[in-house]
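Novice: Chain by chain, the residues:
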Amino acid sequence: SQQGEEDPQALSIQEGENATMNCSYKTSINNLQWYRQNSGRGLVHLILIRSNEREKHSGRLRVTLDTSKKSSSLLITASRAADTASYFCATDDASNYQLIWGAGTKLIIKP
Amino acid sequence: DAGITQSPRHKVTETGTPVTLRCHQTENHRYMYWYRQDPGHGLRLIHYSYGVKDTDKGEVSDGYSVSRSKTEDFLLTLESATSSQTSVYFCAISDASREQFFGPGTRLTVL
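Just so you know, the protein sequences line up as chains A and B, in that order.
For the first sequence, the numbering used here gives the first residue as 46, with consecutive numbering after it.
For the second sequence, the numbering used here gives the first residue as 18, with consecutive numbering after it.
Isolated chain B, as found in the complex:
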């Protein structure tokens, strides 16, 4: 398995609080992605990174920000969590082969 971890694996938080999810890789892959997965919607891209400090928005970026200060870490921040952001969040990495390798996911519940 690709060396990719996510933390925390589970989180329950309250509406209006900030939340940061961390993705860590040991593969030195250039590209990193944050997705959310919800029933009936499949995988939707939130933000992605194509290098250190190089990030761009995906399909559902509103309410989310990201940062990548080093190759191995990609952080996803919910500035002020809302109930609509309750979801399972997956981080993925890829290199020039274009195949993506996924982390185990973080289950976030916003009450």
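With the rest of the complex left out, here is chain A:
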């Protein structure tokens, strides 16, 4: 069963604009991870945020985590055509060896 639910399902913006994607989950977590998948390729890990962290940055990526609302957001600043991809959140409750995946947000960057 999927715990993470991404919102929106699809997002289309102009190059240079910021893109924000949200993830909601249902149970307590140890960490939350974001991944990117380019069309026809495997997923690539972007960033991991632990339950005791509220915000994390990596280059043009900014992730926030609100454990009281059981939600996370991924912000991509100054978007580029190469950011066109699907983005997935995954939650880890550390009770077993699995991640629970959301259905993903499809991001399209228009030139």
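Because the hints were derived from the structure by calculation, they are not lab data.
Ideal Cβ placement from N, Cα and C applies to all residues, glycine included.
A few chain B residues that don't get close to chain A, going by computed Cβ distances all over 10 Å:
1) V29
2) D90
3) Q102
4) T126
Computed, partial: chain B to chain A, Cβ under 7 Å:
5) G59
6) L60
7) E116
8) F119
9) G120
10) P121
Take the given structure of chain A and dock chain B to it, following the hints.
Specialist: Chain B in isolation, oriented as in the chain A frame:
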């Protein structure tokens, strides 16, 4: 990129035939996973392994079996392929960091 390969990359087979997909890693990671990805369903875990000869079922394990006789190889077998098993299959690996690294995927078509 993590050293993880999948073979074959593409396969077309007929209903009722056995199929084995191979995942090979050179990272010496303890955990290995098999997922399937279908439109509208995101990533779904089939089986995973937490050590040599240690495996467990995931969300959609019916019709699939796995084996891990050495750290670097994780095999997924469809005993008798059905059309509902047409999908893209991804292998992933992880270690204590909990981040997962994905292979390039195998596109399987069952006619």
